[in-house]
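All chains, please: the whole structure from these sequences, using the hints.
Protein chains: 4
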Amino acid sequence: MSKFDIRFMRKIKKIAVMTSGGDAPGMNAAIRSVVRTCAYYRTDCMGIYRGYQGLIEGDLIPLTARSVNNIIHKGGTILKSARSKDFRTKEGRQKAYESLKKNNVDALVVIGGDGSFTGGVIFNKEFNFPIIGIPGTIDNDISGTSHTLGYDTALNTAVEAIDKIRDTASSHNRLFFVEVMGRDAGFIALNAGVGAGAEEILIPEEDLGLERMLESLKKSRRSGKSSSIVVVSEGDKTGKNVFELADYVEENLPEYEVRVSVLGHMQRGGSPSCFDRVLASRLGVSAVELLLDGKTNLMVGLKDNKVISTDLEKAIKGQHNIDTELLRVSDIMTT
Amino acid sequence: MSKFDIRFMRKIKKIAVMTSGGDAPGMNAAIRSVVRTCAYYRTDCMGIYRGYQGLIEGDLIPLTARSVNNIIHKGGTILKSARSKDFRTKEGRQKAYESLKKNNVDALVVIGGDGSFTGGVIFNKEFNFPIIGIPGTIDNDISGTSHTLGYDTALNTAVEAIDKIRDTASSHNRLFFVEVMGRDAGFIALNAGVGAGAEEILIPEEDLGLERMLESLKKSRRSGKSSSIVVVSEGDKTGKNVFELADYVEENLPEYEVRVSVLGHMQRGGSPSCFDRVLASRLGVSAVELLLDGKTNLMVGLKDNKVISTDLEKAIKGQHNIDTELLRVSDIMTT
Amino acid sequence: MSKFDIRFMRKIKKIAVMTSGGDAPGMNAAIRSVVRTCAYYRTDCMGIYRGYQGLIEGDLIPLTARSVNNIIHKGGTILKSARSKDFRTKEGRQKAYESLKKNNVDALVVIGGDGSFTGGVIFNKEFNFPIIGIPGTIDNDISGTSHTLGYDTALNTAVEAIDKIRDTASSHNRLFFVEVMGRDAGFIALNAGVGAGAEEILIPEEDLGLERMLESLKKSRRSGKSSSIVVVSEGDKTGKNVFELADYVEENLPEYEVRVSVLGHMQRGGSPSCFDRVLASRLGVSAVELLLDGKTNLMVGLKDNKVISTDLEKAIKGQHNIDTELLRVSDIMTT
Amino acid sequence: MSKFDIRFMRKIKKIAVMTSGGDAPGMNAAIRSVVRTCAYYRTDCMGIYRGYQGLIEGDLIPLTARSVNNIIHKGGTILKSARSKDFRTKEGRQKAYESLKKNNVDALVVIGGDGSFTGGVIFNKEFNFPIIGIPGTIDNDISGTSHTLGYDTALNTAVEAIDKIRDTASSHNRLFFVEVMGRDAGFIALNAGVGAGAEEILIPEEDLGLERMLESLKKSRRSGKSSSIVVVSEGDKTGKNVFELADYVEENLPEYEVRVSVLGHMQRGGSPSCFDRVLASRLGVSAVELLLDGKTNLMVGLKDNKVISTDLEKAIKGQHNIDTELLRVSDIMTT
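Chains as they are written, first to last, in the UniProt record's numbering: chain A, 1 to 335; chain B, 1 to 335; chain C, 1 to 335; chain D, 1 to 335.
The hints are simulated quantities; they were obtained by calculation from the structure and are not laboratory data. Check each hint, because a few of them may be wrong.
The list cannot tell twin chains apart, which means a pair is met if one copy fits it or any two copies do.
Cross-link-like lysine-lysine pairs, in silico, DSSO-like; alpha carbons within 27 Å at most [as the list claims (entries may be wrong)]:
| # | residue 1 | residue 2 |
| --- | --- | --- |
| 1 | K303 | K317 |
| 2 | K225 | K14 |
| 3 | K102 | K317 |
| 4 | K125 | K14 |
| 5 | K13 | K85 |
| 6 | K218 | K85 |
| 7 | K225 | K85 |
| 8 | K317 | K225 |
| 9 | K317 | K306 |
| 10 | K317 | K13 |
| 11 | K101 | K11 |
| 12 | K85 | K95 |
| 13 | K303 | K90 |
| 14 | K225 | K13 |
| 15 | K303 | K314 |
| 16 | K219 | K14 |
| 17 | K306 | K85 |
| 18 | K101 | K225 |
Computed from a prediction, not measured in an experiment: that's the story for all the values here.
Here you go:
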């Protein structure tokens, strides 16, 4: 049976793709992959602007293989992203469903994070509408995949920025507190901290204690280190924000000249790393093939460098835990 | 029993580390990790310059935690690397052994590739000398680890260079053949090719055939693409080098204006990516801990993002195969 | 008199812009500037695809301020570039003129190099058609401006690549010959060579002699340097290409292990530096304002960080000479 | 008369170099150049750690051509930098003088900014000690040179960060306020703003008024732009800091979702651009040659791409004004 025969037998003849929630590098590469895979299987494809909100408002366009030329290397998302209050209402979801029906869309690929998938699960339950999720968030806080789209790029962005900060820190014998993204998950802080050779790393998963940090910084100075970097996750457990932490240390360790740098939103942008581009390409292919195979309510992801799929609900409820081995490595490195 | 008691009971009181074979980004981060882990376990550490050759010539220095300050982000290797003819002779290896004994070194960490590990296995058999390998090569052609040190960085370097080449290719509607490293393994070509959105990828593992490439390029032009990138591995199977390939296409597809770019040795240098720095830190810790635990003849590596160890001989003889799924993804992406 | 009144009195009501010859980073920023300046002065603007060849073939589109959103940071040229044989014929230029008239274009901005300006001067003489040139080429080989568009970016690209090469060169104690662009002008080689700390720099403007280079490399090795970089301009005067040079040195200085790297077309691409983006913005404004003021046959350029204009013919015939002071600096630095 | 004869006739037989004030990329390249130029002229050279403070404390080391191998590309300063309260006292300067005499130093090269030069002028008056300044600061706020060391690099760092921020800004239709460095001078804000295609630029030299900014942002949104970047200098004249500005706009333009990013100290670090490395090399040569020629109290600098020297006092008192042409270009670009 040829690809063409199969095509006419398929139930899924048109797939729509959206990006939802916080944007992440690699989202464009994933859009490109979904669109090209649809083209390969001679399935129509549409793009939905601004996530669920755009879907509710009927903001869709047809996408062909050529529409996604030259976007694999671009940060951001050509489909834009948004958070949608309306989609949290039954009424909003009804409108979204009508919008899909009106455009003859048979299945949905959602590129986003936890919140976006939760919306997708509810939508699928209410309307029995086929949906596959692609994990896209720099925070890497999703269960069911070793890496989310954008995480690897964000790590490189953070490490390159901290490398620059270390130049000036060591020229002036200063202590820098550098805040990186990650409200509920310390993946970025822990990995970027180890990658940047930080003297201390503060993450939401562990409360290492302020006293312990002071001790460690004292020891570091005694051992002859003239400058230090402390990487702090947005959501660390000390109960102090990064500026309060800096003040606290300056008061208690007057021998240190302390500065603060908040890396901020630049961590969300930039051209994706090779890893994120390849991951996006692979996950996009898998998402479309699963839908064409009649599957739904799955999240595609990576495990041991293989593409796998997980039940979408499990992915939402599951925990993606910090590797304690890396905490230990971090300790040893700052001997 | 305290760390100190254990220390005096240990057989391994001094560890030496070397980098051997072709250099790779992340080697300095691995040296730093070995040195710092030794310091953490109050074990002495020495660095050997220029791999086995330097060992034979007695070119060793003591390394302390402070000697490796501020090197985690540096390309190349502060211990320098070399290939050693002398180490292939029994006489050379005898001298190497004497050099280790003279310096009271009890165990060896070798950061390098296949060739370096083969030397290590022979050395271990002859002198029963404890040895652990850390896989460091941009080619990723080592069994027993999903990633070798430097591979991720080399991919980013290649993709960034090809992004630049695409700028000029598409301005002039040209076809570029870009040669990347990888004499026996197509990992770089395949991943950088997918990451850079290449229209064709030629790798040593597969002979896709020249006719097929011509057909594909013809199709690509017909579909309206005005520029194209073909990524070629150094050792591809077509029997033609990259310049001959370019000539062949220019003769057969006169509608294309063809150019060649050989990325070359810049792929071996540059500041390591966050991934490579973290990997290096983790593998260095594991290498030292295995030696202190009395283990030998192992290679540390990564599997499913966990640090594992493999028998060194198996790592050498094993095959690290290209993932055929990615070949398929590449095909679909260039629809 | 308001901006609007002036507008109706002007002779120049529509300006067309093209990029011609080899592409260079910053060309998109210059297109954007020309288009936005036209919008500011309420003058219509068109873009011509593929330089003079596209003009002959009537390949023009209207451009508005919004058409050039989000291109300031992009390498290459959205208008594409080409070399045109047809424009060298009287017949071709006649067609080009008719194409401009048909589209009601009153004046032309040509972003390109020497060759493109020569065509423009002839065209102006034949048809008395207002034309202003913006110097865009990575080679910096145009008289009447201290910097051409793309030159600063190409220098950074070359230096970053050589930094990576030095990592591996010094790990292996090797001598690298690195060829950079610049067929007739050594600006890139000289500046990138000094910037990368090269031990030797070979440029078309000076024949330093092979013997002198051998002597210098011998001295460098004796002084304890274990690795060396020689930066060679495409068009250096030794009469040997970079591979022949490498062979020659390897024969005469067997103590060196020699490698070659040709940086190639990646030097033409990439996101423009801040300098090139600002320069492009300034030159685009000036080009349009000169045309609106009734001026023609000028090239806009930079002198002492001020925007100036030069007679286009003088710019073509003039010489942009290498600064001999920098040759001297290069000598002193490699002491 | 040979170089050697001249050497013995010279009064200046040993030169010391320091970096002082805020560090800037290119300072290491300038140190290297001073050291190598001394070596070329067979003049001894010493490095002073931590600027005037280190001088007072006698923290000097001999530097040879080899001590400065492989530092041209490094951010920060290997000599470290500091601000010195002690040097503001007569007693401190006396100690500094004694420190120089004790080390047989005959002349001083100070790499730094306004404050460092002011100290140098006083010191020269009191002790008649030969001194030459090299302008090194990312702010470009020094008269007598078109470019200070580090300024070009800081511009590229800022623009690359804003490019990343624009990715996420345009994905979410947000307005970002991005604060860049420059307390008293708007050079970075103005140039990085134009280079990054910012919709508004707020600098200390001009108070454009909050009302005008609101109007401009309203117009921008009406014209269909969905995201905007406002670049703000640390020291802008609105009387509000960047967070207050953001709040003000959010209150008055509720249609905008506003975010703030403070780029901070990463602008001081990073590998210098080719421009800064070449500039550093040229200024270092000139500084040493001027001292050897018996000159003093000068600052070396760049004018029309030529190396010049200015009276040090004039350099301090002079104004380096923002180019109003660029303000106009900025206005036109945001049409």
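Identical-chain pair category, K303 with K317, by Cα at 27 Å
both (18 Å within a copy, 25 Å between copies)
Have a look at K225 and K85 and pick one of within, between, both or neither, based on CA distance no larger than 27 Å.
between (50 Å within a copy, 23 Å between copies)
For K218 and K85, with the copy left unspecified, which applies at a CA distance of at most 27 Å: within, between, both, or neither?
Classified as between; 25 Å across copies, 48 Å inside a copy.
How would you classify K306 and K85 at a CA-CA limit of 27 Å: within, between, both, or neither?
neither (35 Å within a copy, 40 Å between copies)
Measure nothing new, just compare the shortest in-copy and cross-copy C-alpha distances for K317 and K225 to 27 Å and report within, between, both or neither.
neither (43 Å within a copy, 38 Å between copies)
Have a look at K13 and K85 and pick one of within, between, both or neither, based on CA distance no larger than 27 Å.
Answer is neither: 30 Å inside a copy and 48 Å across each miss the 27 Å cutoff.
First find the shortest C-alpha distance between K225 and K13 inside one copy, then the shortest across copies, and answer within, between, both or neither for a cut-off of 27 Å.
Classified as between; 26 Å across copies, 63 Å inside a copy.
My question is about K303 and K314: at a cut-off of 27 Å on alpha-carbon distance, are they close within one copy, between copies, both, or neither?
This pair counts as both: shortest intra-copy Cα distance 15 Å, inter-copy 23 Å.
At 27 Å max between alpha carbons, let me know whether K219 reaches K14 within a copy, between copies, both or neither.
This pair counts as between: shortest inter-copy Cα distance 25 Å, intra-copy 62 Å.
Are the CA atoms of K101 and K225 at most 27 Å apart within a copy, between copies, both, or neither?
Answer is neither: 64 Å inside a copy and 31 Å across each miss the 27 Å cutoff.
If the cutoff is 27 Å on CA atoms, where do K102 and K317 land: within, between, both or neither? Let me know, please.
neither (32 Å within a copy, 59 Å between copies)
Is it within, between, both or neither when you check K303 against K90 at 27 Å Cα-Cα?
neither (35 Å within a copy, 44 Å between copies)
Violated hints, in rising order: 3, 5, 8, 10, 13, 17, 18; the structure is consistent with all others.
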